Amino acid sequence: MTTRYTKDHEYIRLDGDTGTVGITDYAQQQLGDVVFVELPSVGKSVSKGDEAAVVESVKAASEIYAPVSGEVVEVNGDLEATPGTVNEDPSGRGWFMKLKVKDQGELDGLMTEEQYQDFVKSL
Amino acid sequence: MLNRQGRPTAAGEAGTNAHPTFTGNKALAQVEPLIFEVGRYDVTGVDLDEPEDFKPRLGGLERKEAIGLPGLSEPETMRHYVRLSQMNYGIDTGLFPLGSCTMKHNARLNERVARLPGFSDVHPLQPVSTVQGALELMSELGRYLVTLTNMTTVALSPKAGAHGELCGMMAIKAAIEAKGEGATRNVVLVPDSAHGTNPATAALIGFKVRPVPAREDGWVHVEDVKKLLGPDVAAIMLTNPNTCGLFENQVAEIAKAIHDAGAYFYCDGANFNAIVGKARPGDLGVDAMHINLHKTFSTPHGGGGPGSGPVVLSARLAPFAPVPFVTVDKDGFRLVEQEEDADEKPFGRMTAFHGQMGMYVRALSYMLSHGSDGMRQASEDAVLNANYIRAGLSDLMTLPFGDKPCMHEVLFDDAWLKDTGVTTLDVAKAMIDEGYHPMTMYFPLVVHGAMLIEPTESESKTSLDLFIATLRDLAMAAKNGDTARFTGAPYHAPRRRLDETRAARNPVLKWTPPAPLAEAAE
Numbered sequence: 001m002t003t004r005y006t007k008d009h010e011y012i013r014l015d016g017d018t019g020t021v022g023i024t025d026y027a028q029q030q031l032g033d034v035v036f037v038e039l040p041s042v043g044k045s046v047s048k049g050d051e052a053a054v055v056e057s058v059k060a061a062s063e064i065y066a067p068v069s070g071e072v073v074e075v076n077g078d079l080e081a082t083p084g085t086v087n088e089d090p091s092g093r094g095w096f097m098k099l100k101v102k103d104q105g106e107l108d109g110l111m112t113e114e115q116y117q118d119f120v121k122s123l
Numbered sequence: 001m002l003n004r005q006g007r008p009t010a011a012g013e014a015g016t017n018a019h020p021t022f023t024g025n026k027a028l029a030q031v032e033p034l035i036f037e038v039g040r041y042d043v044t045g046v047d048l049d050e051p052e053d054f055k056p057r058l059g060g061l062e063r064k065e066a067i068g069l070p071g072l073s074e075p076e077t078m079r080h081y082v083r084l085s086q087m088n089y090g091i092d093t094g095l096f097p098l099g100s101c102t103m104k105h106n107a108r109l110n111e112r113v114a115r116l117p118g119f120s121d122v123h124p125l126q127p128v129s130t131v132q133g134a135l136e137l138m139s140e141l142g143r144y145l146v147t148l149t150n151m152t153t154v155a156l157s158p159k160a161g162a163h164g165e166l167c168g169m170m171a172i173k174a175a176i177e178a179k180g181e182g183a184t185r186n187v188v189l190v191p192d193s194a195h196g197t198n199p200a201t202a203a204l205i206g207f208k209v210r211p212v213p214a215r216e217d218g219w220v221h222v223e224d225v226k227k228l229l230g231p232d233v234a235a236i237m238l239t240n241p242n243t244c245g246l247f248e249n250q251v252a253e254i255a256k257a258i259h260d261a262g263a264y265f266y267c268d269g270a271n272f273n274a275i276v277g278k279a280r281p282g283d284l285g286v287d288a289m290h291i292n293l294h295k296t297f298s299t300p301h302g303g304g305g306p307g308s309g310p311v312v313l314s315a316r317l318a319p320f321a322p323v324p325f326v327t328v329d330k331d332g333f334r335l336v337e338q339e340e341d342a343d344e345k346p347f348g349r350m351t352a353f354h355g356q357m358g359m360y361v362r363a364l365s366y367m368l369s370h371g372s373d374g375m376r377q378a379s380e381d382a383v384l385n386a387n388y389i390r391a392g393l394s395d396l397m398t399l400p401f402g403d404k405p406c407m408h409e410v411l412f413d414d415a416w417l418k419d420t421g422v423t424t425l426d427v428a429k430a431m432i433d434e435g436y437h438p439m440t441m442y443f444p445l446v447v448h449g450a451m452l453i454e455p456t457e458s459e460s461k462t463s464l465d466l467f468i469a470t471l472r473d474l475a476m477a478a479k480n481g482d483t484a485r486f487t488g489a490p491y492h493a494p495r496r497r498l499d500e501t502r503a504a505r506n507p508v509l510k511w512t513p514p515a516p517l518a519e520a521a522e
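Here the protein sequences line up with chains R and A, keeping their order. Residue 63 in the numbering used here sits at position 63 of the first sequence, and the numbers go up by one each step. Residue 519 in the numbering used here sits at position 519 of the second sequence, and the numbers go up by one each step.
Bound-form chain R, shown alone (with noise of 0.2 angstroms):
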């Protein structure tokens, strides 16, 4: 499985043709509490950099950018009732949807681990 990042702060973790999408640890440190997730609906389809979920914490509201195109195939419905998760494990139970990536070509456009983390210390 590999694990591409945006300059948003959103993760995508493939898994065949399949990717996972959320957002990186240092976007919730910065976010604080998440207190309200609004997802897409399941069979939506997305372009690269379109809005496709919204997170709203404490302080601001804000988007959640698809990293790339494809068609929302499963959404983390959990997230609606317990929005905290998004804080507790935001690579794992607090993923917000998954996507049916159309070509993944466009995952090259992505940064890796290495490269995300970098551009962390570099803000």
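Misleading hints may appear alongside valid ones.
[Unchecked claim] Within a straight-line C-alpha distance of at most 30 angstroms, the following computed BS3-like cross-link-like pairs (lysine-lysine) qualify:
id, chain 1, residue 1, chain 2, residue 2
1, R, 100, A, 208
2, R, 7, A, 418
3, A, 208, R, 102
4, R, 48, A, 418
5, A, 226, R, 7
6, R, 7, R, 48
7, R, 44, A, 208
FYI, nobody ran anything at the bench for these hints, they're computed from the structure. The structure presented is a predicted model; accordingly, all values stated were derived computationally and were not measured.
Position chain A against the provided structure of chain R, taking the given hints into account.
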């Protein structure tokens, strides 16, 4: 995705009072319960005779059980609300440095004039022949606003800044549609540092928002705007002076680029108070701008009176100004109420009636009592005061865009707090203990841990010196490791640090009576 700010939300360590009181009151600062907890259901403050032979005519829909309102005597009621009012903090209590909100003194003269019966006791539906003075005042206020901004006309009716934005953008949309470009021009450029209402306004009327990225110097650059321009761009929404407290120094070039591309220039006029009498938006190429009367022209904010956001329009947009508006002919002043009665092409109507009469009176009273020289001096003093604070704090606190002059507000970031264990939020809470309303914090979003301070022209040098000395003392304490003074703050407020996360995740929006009270209510 991420707003580059790190606002902590934990409740912090609870401090302890060395000498807690039996009542919980702190000397004259009273603890005040909810009115439902002050009163009781089984008592009443008034004696009313039971009605004789009472026959309800509600067809069986009448309430069968007690309504459950608390009963209080007149002195209990009076004390409850007076105590609550004493917990309030306003510009009449002290310095209110809330950046971007312009909490300036509301002169009592304005209040007195607004209460004259000819202005306060009129009804929007009474015959216009009986309200000629009120209409003349609206016309006069409009003339002053148009003169101060060097624009063509004004729509007085919008009821607040964001409503004014909506009005201006609807005029732009109407102008685009009149040119037959409604289907193709659907993008609005909005800088990253804009007020949140700007992209919201554009989106509300169906435009797509394209952000102009922030630069490290805090200014919007004309080349960044040019890169985003195209035949699909309807307008730019630019705040000037901007939310970083800086005058957009390329505003004229940006306006030219926008116009050359066939688009319109909406200016967010929330910060017009910094440039009244110094620069005219019409000279800068602005096509539409709202003016917050409750900021720039000292009418009260919030509970003290409604907002009012008139919009000035350039010659290109003037034909689309909404109804109603005041005109004058040989029979006197009258309101043009119907779109078909207008000579031009109003885009419609924003409000049921003409707008906030009381605010018009206060704003014109401010203008007339200050005069053109006084209004110019108010702008100059507001800018001077903000720069005095900047100069008084820049060795201890950090300026995100370097040590350059600001306009009416000064923006600090939280770099000076690095490794102290103290955050912007903690500093704000410690300011409450010192008796100050905190500054605007974590806004604008483009600056990490932002602290936006706007003293306004209302403050004297003595007042500013004490404020600066207080912030210097806090900054030294933070740097010297007195973390508890911050993380446990506020220590002296009626309520300590609130748990914002719990409040947002489990909001309790309705008071539920404890069991014995609930029984009494039945």
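We went through each hint and held it up to the structure:
1. 100/R <-> 208/A: holds (27 angstroms)
2. 7/R <-> 418/A: Within the cut-off at roughly 24 angstroms; holds.
3. 208/A <-> 102/R: Within the cut-off at roughly 25 angstroms; holds.
4. 48/R <-> 418/A: Not OK: residue 48/R and residue 418/A at ~36 angstroms, beyond 30 angstroms, violated.
5. 226/A <-> 7/R: holds (24 angstroms)
6. 7/R <-> 48/R: This hinted pair holds, its Cα atoms lying about 13 angstroms apart.
7. 44/R <-> 208/A: At roughly 20 angstroms apart (the allowed maximum being 30 angstroms), residue 208/A and residue 44/R satisfy the hint.
Violated hints amount to a single one, hint 4; each of the other numbered hints is respected by the structure.
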